[in-house]
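Since the structure of chain A is already known, use the hints to place chains B, C and D on it.
Each chain, letter by letter, is given below.
There are 4 protein chains.
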Amino acid sequence: MHEIDLKNYSIRSDLVVDVMAGLEGEKGVHIEKRKQENISVTDVFLDQDNPLKKKEGHYITICFDDVTDTTNRKKIEKIFVEELKRLLEEKELLGKTCLVVGLGNYESTPDSLGPKVASKVLVTRYLFEMKDVEVEKGYSSVAAITPGVSGTTGIESSDIILGIVERIHPDFILAIDALASSSIERINRTIQMTDTGIHPGSGVGNKRKEISESTIHIPVIAIGVPTVIDGVTIVSDTIQYMFKQFSYNKENIDKKSQKLAPITSKNYLEQEENLTQEEKKEILGMVGNLSEEEVKSLIFEVLTPIGYNLMVTVKEVDFVTECLSKVLVKGINQTLHQKIKTEEESYF
Amino acid sequence: MHEIDLKNYSIRSDLVVDVMAGLEGEKGVHIEKRKQENISVTDVFLDQDNPLKKKEGHYITICFDDVTDTTNRKKIEKIFVEELKRLLEEKELLGKTCLVVGLGNYESTPDSLGPKVASKVLVTRYLFEMKDVEVEKGYSSVAAITPGVSGTTGIESSDIILGIVERIHPDFILAIDALASSSIERINRTIQMTDTGIHPGSGVGNKRKEISESTIHIPVIAIGVPTVIDGVTIVSDTIQYMFKQFSYNKENIDKKSQKLAPITSKNYLEQEENLTQEEKKEILGMVGNLSEEEVKSLIFEVLTPIGYNLMVTVKEVDFVTECLSKVLVKGINQTLHQKIKTEEESYF
Amino acid sequence: MHEIDLKNYSIRSDLVVDVMAGLEGEKGVHIEKRKQENISVTDVFLDQDNPLKKKEGHYITICFDDVTDTTNRKKIEKIFVEELKRLLEEKELLGKTCLVVGLGNYESTPDSLGPKVASKVLVTRYLFEMKDVEVEKGYSSVAAITPGVSGTTGIESSDIILGIVERIHPDFILAIDALASSSIERINRTIQMTDTGIHPGSGVGNKRKEISESTIHIPVIAIGVPTVIDGVTIVSDTIQYMFKQFSYNKENIDKKSQKLAPITSKNYLEQEENLTQEEKKEILGMVGNLSEEEVKSLIFEVLTPIGYNLMVTVKEVDFVTECLSKVLVKGINQTLHQKIKTEEESYF
Amino acid sequence: MHEIDLKNYSIRSDLVVDVMAGLEGEKGVHIEKRKQENISVTDVFLDQDNPLKKKEGHYITICFDDVTDTTNRKKIEKIFVEELKRLLEEKELLGKTCLVVGLGNYESTPDSLGPKVASKVLVTRYLFEMKDVEVEKGYSSVAAITPGVSGTTGIESSDIILGIVERIHPDFILAIDALASSSIERINRTIQMTDTGIHPGSGVGNKRKEISESTIHIPVIAIGVPTVIDGVTIVSDTIQYMFKQFSYNKENIDKKSQKLAPITSKNYLEQEENLTQEEKKEILGMVGNLSEEEVKSLIFEVLTPIGYNLMVTVKEVDFVTECLSKVLVKGINQTLHQKIKTEEESYF
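Chains as they are written, first to last, in numbering that gives the first Met the number 0: chain A, 0 to 347; chain B, 0 to 347; chain C, 0 to 347; chain D, 0 to 347.
A couple of the hints might just be wrong.
Copies of the same chain look alike in the list, so a pair counts if it works inside one copy or between any two.
[What the hints assert, rightly or not] No farther apart than 20 Å at their CA atoms in a straight line, the calculated lysine to aspartate or glutamate pairs in the DMTMM-like style are these:
{"no.": "1", "residue 1": "K338", "residue 2": "D68"}
{"no.": "2", "residue 1": "K340", "residue 2": "E82"}
{"no.": "3", "residue 1": "K338", "residue 2": "E184"}
{"no.": "4", "residue 1": "K208", "residue 2": "E165"}
{"no.": "5", "residue 1": "K34", "residue 2": "D170"}
{"no.": "6", "residue 1": "K249", "residue 2": "E300"}
{"no.": "7", "residue 1": "K54", "residue 2": "D68"}
{"no.": "8", "residue 1": "K243", "residue 2": "E89"}
{"no.": "9", "residue 1": "K26", "residue 2": "E82"}
{"no.": "10", "residue 1": "K280", "residue 2": "E293"}
{"no.": "11", "residue 1": "K53", "residue 2": "E212"}
{"no.": "12", "residue 1": "K243", "residue 2": "E300"}
{"no.": "13", "residue 1": "K90", "residue 2": "E278"}
{"no.": "14", "residue 1": "K130", "residue 2": "D158"}
{"no.": "15", "residue 1": "K130", "residue 2": "E209"}
{"no.": "16", "residue 1": "K338", "residue 2": "E91"}
{"no.": "17", "residue 1": "K208", "residue 2": "D131"}
For the record, the hints were derived by calculation from the structure and aren't laboratory data.
For reference, chain A alone in the conformation it holds in the complex:
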């Protein structure tokens, strides 16, 4: 039969953890993983010539389960504060004057995380600007803006930010953005922080210009949470899960004792998939023998011409976004203002 023409699906991943599989130990990549209860933290340090083709710098990724659970949310908040402080300390930015930038579109729920956070963060800069006012120790000078999206403003966010930075001269920027997820598992379940800023193609909105130290001339710490995913990724991930499940079943049907173990938990996800190429072909034919990247290209070629590679978000997007913004607001307040403790209820 005729060949599949594999054009290139420009695999766009805003998350380093999504693309680092198998690169551990390679030149230019340094990875460290920790786990606290059910929350994992991954440090990725990339050199300039890293094989991920990502901007060099430090990426910290926090992976968690359910942010809508109150108990869980408190744990996430605590770790987020620890990690953000660590990143700021590393860059010698802790306690410096900060401009919080909420990227995205306030009026589009899946893209509203940045604006929601920026509009709730405790700002203090105007106090520091007042003559004859001495601000209590433990507070830093913080300002916050929501530059909007170019479809609504007609202006590139980077131009708005640069204009404001040139007038108020903050020491650094903390930019919050909703990202595209490149796996079902990570949607609404990941916070990525990096000292590399925001790069073209990232974010839920399109084709932004770079917002980083090289364009804004001050350090840009970016905090991103994946809130949307595309159809290609959903299909491609499902195929991988299918193989994992077949693999798990094969293993466990052989082991008689476990024959009746239900697959109703995530146990099969945690095991390595070990199907042969032959087995994969039996299950999924020609598609079964494509690499993950090739599968994505193929599905992209199927869905895109007919306009069905939808960018989607979960049905509960309003509630989840509210919960995520709560974690980020409280965490950012505690990080930027030493005096603020999590126990203190902030109006929010």
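Below, chains B, C and D without anything else, positioned relative to chain A:
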């Protein structure tokens, strides 16, 4: 290799057009299709013992492309008014007193269509209830409620509706609801109207009790728009599109003249897929030889145990829902109140 | 000169504390006052033939200062819980099944307090309705509805409530409503609770039918917070403050030692006004010698024909309503569900 | 009795029409009035040394009745477009590149007019910035921003605007702002346009820095609508209305034929008040003989120390603000983009 254990994916489709394929002409099913420009209207009449296992009655389905385009929206609105009037006339309800019921959750965007519509429809019942007031001809008595969802109210919507109906005695109910789509193509692009009411399992929210003439004791006209879709459907649809594309390519590579026809349009969707079982197996192995229903069951079994059969909605859900609610509000106002014309701007 | 024609300004006060001045000790009226820090609590018990022409029953009024202050808000919340528990205990309703009713208009900020509270209260009734589910001790069966306003629904709230009550049979109703204030001092600074229900003419919306035990056939506990005020009251209150200030000045200018005391605090409000009729006439002429009720009638006659007796709310209405709803939601949750403590953060 | 100590109530009026009474014909002031049906338009030209102590320039004020009425709204929109075009033509700005600036606080309804308008205006600048794209004739380059309020951003709006202007270089600014009204009659019923920009002390928010050609270095056209009013003004206005009514009654009781004319219309507002000082003293004593400015100072001294000079807005603020923003958005779109006609429905 071991067999695939095909448990039953309870294929839940709120849309008759999604499940009627191949049933045209069967006993108990009567189908009529029309097309006006790029908008199609399908009448489906089901008898009691129809093979779709759907409630007997009349289903009208309007399929369109892009509701966010203003010109298009006006066309959809016009056809919606015509079809809703036809359905009400058929049931002898046109001009009768109506209770509009907006089902769903106001605070969850993809499920907010019903409440948004019900809160904007022109209500007049209180005028008709006033002593010594004569309401201008051309207006009917209309009331509107948003019963909320049981997670927020603690009460079944059907109980709230029944309680109110027993006090105010409308002639019929017009229930608006956000639905689950069972195909990528129909999400946000379909309005389904039926005289059969709302049935368990339908809607974006879960497990509602039936809201129909048999439970509420007055006719219930239901208007539904699919706004969410699950992962299973996205994957299953993609597989069908893949076959269609392979089929299209096969056809057109043979026909030399069309060799260079780009697949960048929807042309391949409109052609029949004519791959042999052997070809399908070559492409997708064992999975390629499963029926659509079996594929869905398989994917359901893969995604559900790990919690990844996400119900999703499009990224632009806020804007699309706003546009859809506009069409429904304007259309319902013109249908229920003879005097209202589309040209008149209503505050909205 | 010609006489002032004093038609009757139907002095509409939703707050008992506003109209009880001077009635302490009269037949049919029993009043008790307490104060905790800067929060005062007043119990008013009215007999059937009370001179206030208010429905007989028990009225508890909590007066406080600034609900936007976090520390203050916690104190108000604590006292609100104590008093609401006391009222429910007195009526033997504590722990009984409750229907929370949020009266008012969700889409009009000053009238949105009821709907905001009802949509956030912890509902549990559906758990109690489930077969084979045993609900943890410490939780009661609570349902919550927002019946909307008749301008939007076309239906009297009382009809909606009665219809639902007849279907789900709660033991009592807890109705939350935004009220009209009859003094500048009380706006957004008062919570009134009563076992007498909601009466015609009360609330920010107009002309509601009675919602009380005599119409709904189960006890109706009403919780009201004044969020709007009319122009007549602002003017009339200002005249009283003016007299108080003149009176204060007279006193303190005579007492040489205090000559320089600034009036920049509220000290003059706490002193009795003791101007003679002659002095009042000197200051405000004929108007100075009218009773407060006559002054209101006069101003009403001036402002009403020209449409300028505006019902107004404070500029910060969004923020204040948010804070007030927070207090009520947290307080109601703790009162209805023994298990819930204030420390537990509820998602809100 | 002791004297009234008249300290200065810094009469703050954002509206020129409120303070121009009696100045017609004076040096430095040129006034022209027109009326179309029930909408009046007033041109005020002020020289540098004008007695109003206002910035020199051209002020156009449109006064109307009820913006919530659809028919009325269309008339207001039409006149608004005519007048705004006239002002822009006069300054040779019609068709030039424009930055729309929505001043105020999105999250505080009475102060949200600016942000609401700026977020809905049709922006086109990004099209003009694209290489190889030729924008259809009849559209100008328009960008729009909402700088927020310093309490939320920590940054002066003027700094944000200046920063952005310096980056994108528009030809002029169109700044929309909610104002404080200095009379009951004008609240929500006035649009003021001026070429003088925004000045300290104006607006619903406090103490902004000047936003005008002298600070931003490009022309700043300001569009303001009064949406809030303070208690002092309500009381002071009521006193003036009282005098007018007494005056009207005096007149009409003498003229026997009109004896029974009801005062239920606004007829008494349109007549000159002609009470003698003696009559005023009879009615309102010492206060009756104070000038309007003195009355305001007095009331200010009464209400301010006790914190009761509330800034208030009408109860229907949500609906009215929505209607006002509709007029401004549609009007601004038609003014800036020649191609846009009112009949075209814009999504909004």
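Against the structure, the hints come out as follows:
1. K338 with D68: between (26 Å within a copy, 18 Å between copies)
2. K340 with E82: Cα proximity of K340 and E82: one copy only (16 Å, versus 31 Å across).
3. K338 with E184: neither (35 Å within a copy, 35 Å between copies)
4. K208 with E165: both (18 Å within a copy, 18 Å between copies)
5. K34 with D170: So K34 and D170 fail the 20 Å test inside a copy (32 Å) and across (50 Å) alike.
6. K249 with E300: Between copies only: 16 Å across, 32 Å inside.
7. K54 with D68: Neither, since 34 Å and 39 Å both go past 20 Å.
8. K243 with E89: Neither: 39 Å inside a copy, 54 Å across copies.
9. K26 with E82: neither (25 Å within a copy, 66 Å between copies)
10. K280 with E293: both (15 Å within a copy, 19 Å between copies)
11. K53 with E212: within (15 Å within a copy, 45 Å between copies)
12. K243 with E300: Classified as between: cross-chain Cα gap 12 Å, same-chain 25 Å, threshold 20 Å.
13. K90 with E278: Answer is neither: 49 Å inside a copy and 58 Å across each miss the 20 Å cutoff.
14. K130 with D158: So K130 and D158 pass the 20 Å test across copies only (17 Å; inside, 30 Å).
15. K130 with E209: between (36 Å within a copy, 19 Å between copies)
16. K338 with E91: within (19 Å within a copy, 46 Å between copies)
17. K208 with D131: between (40 Å within a copy, 19 Å between copies)
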